[in-house]
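A.B. asks: Below, each chain spelled out in residue letters.
Protein chains: 4
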Amino acid sequence: MINLQGIIPPLPTSFHENEKLYLEKIRENIGSLLKHEITGIVVLGSNGEFVLLSEGEKEKIYATAREAIPPGKLMIAGTGGQSTLETIRLTRLAARQEADAALVLNPFYYKGMMTPEVLIRHYHDVAEASTIPIIIYNMPSNSGVDMNASTILRIASHPNIIGIKDSDGNIVKMGEVIRKGKDDFQVLAGSAGFLLPALVIGARGGIMALANIFPRKCIEIMQNFKEDNLDNARKIQQSIIPLNTAITKRWGIPALKAAMDHLGLYGGPVRRPLMALDEKKKEMLLRLLDTFREYY
Amino acid sequence: MINLQGIIPPLPTSFHENEKLYLEKIRENIGSLLKHEITGIVVLGSNGEFVLLSEGEKEKIYATAREAIPPGKLMIAGTGGQSTLETIRLTRLAARQEADAALVLNPFYYKGMMTPEVLIRHYHDVAEASTIPIIIYNMPSNSGVDMNASTILRIASHPNIIGIKDSDGNIVKMGEVIRKGKDDFQVLAGSAGFLLPALVIGARGGIMALANIFPRKCIEIMQNFKEDNLDNARKIQQSIIPLNTAITKRWGIPALKAAMDHLGLYGGPVRRPLMALDEKKKEMLLRLLDTFREYY
Amino acid sequence: MINLQGIIPPLPTSFHENEKLYLEKIRENIGSLLKHEITGIVVLGSNGEFVLLSEGEKEKIYATAREAIPPGKLMIAGTGGQSTLETIRLTRLAARQEADAALVLNPFYYKGMMTPEVLIRHYHDVAEASTIPIIIYNMPSNSGVDMNASTILRIASHPNIIGIKDSDGNIVKMGEVIRKGKDDFQVLAGSAGFLLPALVIGARGGIMALANIFPRKCIEIMQNFKEDNLDNARKIQQSIIPLNTAITKRWGIPALKAAMDHLGLYGGPVRRPLMALDEKKKEMLLRLLDTFREYY
Amino acid sequence: MINLQGIIPPLPTSFHENEKLYLEKIRENIGSLLKHEITGIVVLGSNGEFVLLSEGEKEKIYATAREAIPPGKLMIAGTGGQSTLETIRLTRLAARQEADAALVLNPFYYKGMMTPEVLIRHYHDVAEASTIPIIIYNMPSNSGVDMNASTILRIASHPNIIGIKDSDGNIVKMGEVIRKGKDDFQVLAGSAGFLLPALVIGARGGIMALANIFPRKCIEIMQNFKEDNLDNARKIQQSIIPLNTAITKRWGIPALKAAMDHLGLYGGPVRRPLMALDEKKKEMLLRLLDTFREYY
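Residue numbers (this note's numbering), protein chains in the order written: chain P, 1 to 296; chain B, 297 to 592; chain D, 593 to 888; chain F, 889 to 1184.
Read the hints as simulated data drawn from the structure, not as lab findings. Do not rely on the hints blindly, as some may be mistaken.
Distance condition first, Cα-Cα at most 27 Å in a straight line; then the derived DSSO-like pairs of lysine-lysine [stated by the list, open to error]: (1) F:Lys1168 with P:Lys20; (2) F:Lys1168 with B:Lys576; (3) B:Lys578 with D:Lys703; (4) B:Lys476 with P:Lys280.
Quick partial rundown of chain P residues pointing at chain B, CB under 7 Å, derived from the structure [claimed, not checked]: (5) Leu21; (6) Phe194; (7) Gln238.
Ideal placement from N, C-alpha and C gives every residue a C-beta, glycine not left out.
Build out the structure end to end from the sequences listed, making use of the hints.
C.D. replies: See below:
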């Protein structure tokens, strides 16, 4: 059984100025992240602009990431697609590139038809067809479909489904999934904004954008929590909220990439239709970042 | 400065079968609750069916509650209305009946016009006109208006506004309000479903429907948290979620009242348009309740 | 059977600068409107700030309106409240003041409990208790509760429920209600923005804010439609959309009142928490209004 | 300039039982539809399950459709993708297969980042790169992004953008786009549920699922409208609403395909995750269909 405990950054995808993949920089960014005590890395999550990439590009990224991530660290591959066939195909591509697990966003375009039955069959078909374990990915603010506790629990009944990244921030739902889920079902916070509350209710860790730029601080929240230093954990947790809001809700990937550029990683351009931050917002962001100097 | 720390049940309003107020039973229910180590009682919150009562009825309830609640325990009165004038009038009625504080839901009918400016002026006008301190009440699932952290913080800048009951369950927002709010600003969880996560992020306690039937368990979560027994706190927190969901989200006030009847308190009928639980749902609820026998 | 066919302005409520009722101005505004071929007038609809008024104030407005509206023209009274008791009480007050019909918004605060059964029983209880006919009022953008066609049809099965004002703009739902409703069920558009499309699908007319300032133009749409001058009807319909959007969705009652002041009617102040338009918006509004000079 | 006036069915994509493309059946269905006075056919709209298909499959469908659709009838190709690059690539594939126009759904996954600026640049980049004209496709109930009138008008300022399919049913917005749009901008209703109201406000016709099974009735609405037989038009319009609701909102593509099978066309299976109607729903649908016997 794969152990997801800890902090796992969902890596942005690096592009050249002409929007082509910049695999070299993906490799370098992974190298920088691995200097920290992270559990592994997700490629092709929402922060990885996965919906903007072709299947061929995804395969290259799986391969690049696996080369850069040593066996002791997890390589988790985003493989969700709108059709069951596409999701199976991508999951198999990832398995062939030796991903440790697949992070599978639910299909969502036909919202009115995404009944529990449809979602459960989809996940179970994918889990059956996959040689690597599946992590559910619930991301209602992007997908517009919010899987409730009961649906998640029914999906999780398949032995090849080992956990969930929940980006919704609904702590009550998390608590219910943790309590009723199978013993080894692993719940991960999907955003640094609620890491500590998630841990306190039983989550194992988190897959969070902020871990790309401040992995150390995310790890410190976990360590303080484990050592019962709740006051310290709370202080760090509260302190990162404004920055986390900026790079997730308010400005998103362009802000995350601008922050990475500022901190000596490679952020680079976003792929269209996404747009770089305008100068004014970028300045606000960098000013905000500079108040976190001691976090680098 | 009034100290809101601890558990505060928001009392349902008791009616006779003919929908008339049953003040005697309100008094008795308060008496039963006061046997527990609660901090105080809210009358005329959402669970108190406050929108279904006339101004005259509200005044009677303020008076009845104050008689039944001794000085050492807080009597908090729901006084929010759609107009600033009505809210001021109700708050003054409550003050005349010696309420310790007023819990003020924001106006919300004209959603499109409820800009931050409008909401801030409303709360500041009420706070100015009131001799008792004001607690903000954010309840987006009923009101359809969700005040964000920035608006709440600007409202809280008035010295006569001392805290907030947030029923939204957005832990990230709570964390931001706690961090940026004035030092003595008191954040309370608005539902038992996220009490422990709220405490861990800095909340002082909670105003929660479940405290009407299981005050002891809510208090135990707080005590275990204070004594750093996080595992115990988590176990209780997780265990109460299904029941809490039943009496808040799924079935609401009719379920809360049916549970109270079952546990030897007075629940009694709801006022129309609300409807009693049908027999099938009631049976499901009581079966669920009976799994919590040791919590009474 | 009361005939609702035609254009019916929902009158704003006039206030003095100190927020007190200004009944004289209500009377004068009614006088001005009655110079046009309108079918009647609604008092205490959403534009009448009905949620900001006490029961005593509502009674005075019913009386004032009835004095000012001659028997040949309809006086329709908004009487919806959150409780069934309050709604019955207000409807009887209106009947005693000789209102021709009551416009009843559904209760909505306890959104999760507003099942079809609850809503149907509420309306049927009110219809039973009322000596004057009831018009359903569906206003989801304010109430947050959207009654669907099936619920509306079941409510409409009561003989004392004669029509609906639907402010939702869902033309498909309107068509379904018209087709399946009893023969004499009268559907009215709730906004000037979709008057012509509503007429073409079988609506009888409309209760619309814009009719307070441009009654003549609303009436012309109806007349052109009746006389099969669809091109003219369409031209007027299209032309009024921007102004209608400004005084309904974008800026609401403060804009409607500012427009009335500009056109020689009495708009006057709004009641708090509502705020007057700031100078910039007011200027934009008046500039927009001046492009409609020939409509006065 | 391509003339979109009239009725245009958005063809479902035919699959074998093993989910593989069944191009033969696509050809046959097109042949059946072309017996009616339709203006053309859309392939790979929402009803065409376009998000469930690979790029290679899409190309085959473009080619198959063009072969089956003679030059006098429009072949419109759905080419929208999440990235600008993918959308351009698909649009060029469609152009190479001699599509007459491309129907382009907006990108929508990163909802918070889909500002007017982002959407306008996306559409203009696609329009610049395309040799065939672009039709905007607004489908908020699936995409979760609703482009407002102002954004649509700014997108439409590009000379290679000739129209919009609006599936939202917001008649007020349609009226505003028609009034303020360039003279030759062509607005099409995106559902049969509001075809007549859309025509009366100035729309040119519609792209609507129902036209796959009842093209004759959709055409009759248009003809009656053109000949000023509004009563007839209204009768047909009202009559089709329940069936249209069933195959669009309530049950969607599986219902449309079941209906096609029942009427002698090829519906066939849906692709996973979509699920066939269960027996009970299918029976309800066919019973409903049988009340429309005279419409075949």
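A.B. asks: Less than 7 Å between beta-carbons is the criterion; does P:Leu21 satisfy it with respect to chain B?
C.D. replies: violated (33 Å)
A.B. asks: Holds or violated: B:Lys578 and D:Lys703, Cα atoms, limit 27 Å.
C.D. replies: Roughly 20 Å between the alpha carbons, so the hint for B:Lys578 and D:Lys703 holds.
A.B. asks: Holds or violated: the hint that P:Gln238 contacts chain B, with Cβ atoms closer than 7 Å.
C.D. replies: For P:Gln238, the interface hint holds, since the closest Cβ of chain B sits about 4 Å away, which is under 7 Å.
A.B. asks: Given the hinted pair F:Lys1168 and B:Lys576, is their alpha-carbon gap at most 27 Å?
C.D. replies: Status holds; Cα separation ~25 Å.
A.B. asks: Under the criterion that the straight-line Cα-Cα distance not exceed 27 Å, is the pair F:Lys1168, P:Lys20 satisfied?
C.D. replies: violated (50 Å)
A.B. asks: Between the alpha carbons of B:Lys476 and P:Lys280, is the straight-line distance 27 Å or under?
C.D. replies: holds (24 Å)
A.B. asks: Against chain B, run the beta carbon of P:Phe194 and see if the smallest gap drops under 7 Å.
C.D. replies: holds (5 Å)
In this structure, the earlier hints numbered 1 and 5 are contradicted, and the remaining ones agree with it.
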